[in-house]
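> Knowing the structure of chain D, use the given hints to seat chain F on it.
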Amino acid sequence: MTVSLYSVAHDLVALVLTAIGSVLPAPLSRWITNAGLITALGVIVFAAILLIASMLNTIVLIWFERKLLGRFMDRRGAMHVGFAGLLQNFADGLKLMRKNTFRPEEADGLGFYLGPTAYMVTSLILFGILPVSTGWNSGVLPLSLLLALVVFSFAPLFIFISAWSSNNKYSLMGGMRSAAQMIAYEVPLLLSVVAVVVVSGSFDLNTIVAQQQNYWYWGPLFLALIVFVAAMLAEMERIPFDLPEAEAELVEGWNTEYGGMLFAFFMLSDYVRALVGSFLVVLLFLGGWTMPGWVPSAATSFPLAGIVWFMVKVYIVFAVFVWIRAALPRVRTDQLLRVGWNRMIPLALLSVVLAAGVVMVKCLPVFGCLPNLGI
Amino acid sequence: MSEMWINMGPQHPMTHGLWNLRVRIDGELILDVDPEMGYLHRGIEKISEDRHYNEVVTLMDRTCYVAGMAWEHLYILGAEKALHITPPERAEYIRTMSEEFQRIASHIMWYAAFVQDLGLMSPFLYGMRDRDLLLDLFQSYTGARMTYEYMRVGGVRNDLPHGFSDRARKVLDWLMERFKEYDQLCMGSDIFRRRCDGLGVLSAQDCIDFGVTGPMLRSAGVARDLRKDRPYSVYGRVDFDVARATTADVTGRYLVRMEEMRQSVRILRQVLDWLDRNPGPVMAENLPRWLGAPYAPIGREGYLLKREYPKGVGFAAIEEPHGEAAVYVVNEGGEHPYRVKFRSPVYVNLSAARKYLVGYHVADIPPIMGSVDVCVGESDR
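Top to bottom, those sequences are chains D and F.
For what it's worth, our numbering labels the leading residue of the first sequence as 1, then goes sequentially.
For what it's worth, our numbering labels the leading residue of the second sequence as 1001, then goes sequentially.
The following block holds chain D by itself, in its conformation from the complex:
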């Protein structure tokens, strides 16, 4: 289990560069097998592998949602492109790529193009921050949880920039809603994360997951999980909290004026955020890549077992999100604000208190004992 993605990328680069260096004359070969260059190229290859794998994962996620939503609605979903419609999203992406990107004459050019680009970039950064298994991560970041949440909450800013700069009344209303919504759900989101931090004693996601080896946090921190999932739904702007892009009254909200590849940026980023949101739920509450004790050791010692186990959990969590989308109508802005301030914040505060109680008690009858925190 010591093999990590970075070490694989590093060794790969080192192998290739040494091979090239062995056939080159002396000064050049010394320069090309320089340790600094190997490290730098290793990081780039690592990032490329991470990006490609994450994007493929996102596209599979979109396929998963389309199929599952189809089944909820008594239909089959995408069927015709590729096996069971697996390639449908690639076809859709190609179609969007071929389309002309259109900017309204009165729109502000800088904001109009900056918005979707920054939205996409900040969403993709999250893949580099969140660990998927002991091997598939970017190393030890002591405050990785905090960093992830900060980057995650950039989105409303860029949504507002693109909404305002597209100079459309519907877009502006969508942007305003997004900003109003952010205030309502960011606070309970962070408070519910505080409960996890109180119990685990760390902001490092690797540590948080490692501490869930004995028991997962969803049991003792059930209240925090509920608040976190509800706030995460708002953060991801999915039904029932997708008011910024409520298509019934606001056409498409803040992305009304976007078409072609810029629209694809928004669409893809939405699913990247949905995937990352599911990652966070699994990391914070469902034990990340740790496996329960009854799993045979033959399965756990398999090198990719952690990743597989993590992804299974992620897709189960996402299936719940899809289920919610299939079953619930959209709430109204004032109702979301009321739920956020009057219900979720008190519940999140209560969950922090409960977390403190869990730390004091240390052992719970059903869920087992906390790892030693040195308290």
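Worth flagging that the hints you see were computed from the coordinates, not collected in a lab.
One or more hints might be untrue.
Each computed DSBU-like pair below joins lysine-lysine, with the alpha-carbon atoms no more than 35 Å apart [what the hints assert, rightly or not]:
# : chain 1 : residue 1 : chain 2 : residue 2
1 : F       : K1046     : F       : K1311
2 : D       : K95       : D       : K169
3 : F       : K1046     : F       : K1180
4 : D       : K67       : F       : K1180
5 : F       : K1355     : F       : K1228
6 : F       : K1355     : F       : K1046
7 : D       : K169      : F       : K1341
8 : F       : K1311     : F       : K1355
9 : D       : K67       : F       : K1170
Predicted, not measured: the structure shown is a model, and the values here were computed from it.
For chain F alone, kept in the frame of chain D given last:
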């Protein structure tokens, strides 16, 4: 944000058709609205003056594309009065059956569109799936799924096919089960209730002042239903209740339509039983030749000879799925109606928009307008 006017339409997901709702808003609050209709005006009343009596039926299907049978029925009732023709009893029963099937299909279509405006995606597809069964039934006896051209002056085009009533009963049983599911998804959902309760209130007095009819009026507690109050066709002979709610809001209209569908099933079961027991002709005897099939050659004398046929006027009003529709047909003795005039319930219901929209939020517009059940084809004609 300061006050601004936004145009919700003519191309907007909320409109369900082609009309424009101009809204003056302050942030999310609606200060004023101004409904604009007429984008889909096709001059159906004027075209009717240039068509044979039976050819107008074709236009009726296009008048309201989700309730074609009801509008055919309305026109035929008016035209028969103007021409002094009485259809056979079996034809009247088949027309009643068609109208009730159409009422269910129209209400299911309304349900599907209404819940989708609220962001509920699954019930939309459930509604479309169940409506398809009704369209299959229509197809089995009229040959068409939306534009039927089935009713004729003096009866209906053809009798029901063999085994129709058994198939229809199966569909009705299935639908009664599905209505429970619809209610679970909507009335059982707390978010749905929060989105709909107390919205778009239009009191009984306001409804009467504006001339608003149909489920909107009944949701305000007024038991006004032309099928009961002025029975036409065979509605006087079937047993049913008038659906009614007292809240006068979006939830009330939802409940009224759901109950109406159940009552329609009740009517349909009685009508199907009667049809099984009483075979007979579906077209009146001794119709004038020039009233024959509209697309068949009528014969030279039909066009050239001055016909001897009594003049007259016909007025008919029916309880259409959207409200009370009326028709006035003037017969001046020619082979075309001299004048045809319709009353569209949707036009009147939409005109009262200022009364039931101002003061609510922008996010409330889709559920409120959805609860009105807009069919622009019939409001613009």
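> Each of the hints needs a verdict: does it hold here or not?
Here's how the hints hold up against the structure:
1. K1046/F x K1311/F: holds (20 Å)
2. K95/D x K169/D: holds (28 Å)
3. K1046/F x K1180/F: violated (44 Å)
4. K67/D x K1180/F: Holds. K67/D to K1180/F sits at ~26 Å (cutoff 35 Å).
5. K1355/F x K1228/F: Holds, at roughly 28 Å.
6. K1355/F x K1046/F: holds (32 Å)
7. K169/D x K1341/F: violated (40 Å)
8. K1311/F x K1355/F: violated (43 Å)
9. K67/D x K1170/F: Cα-Cα ~30 Å, so holds.
The structure fails hints 3, 7 and 8 (numbered hints given earlier, in ascending order).
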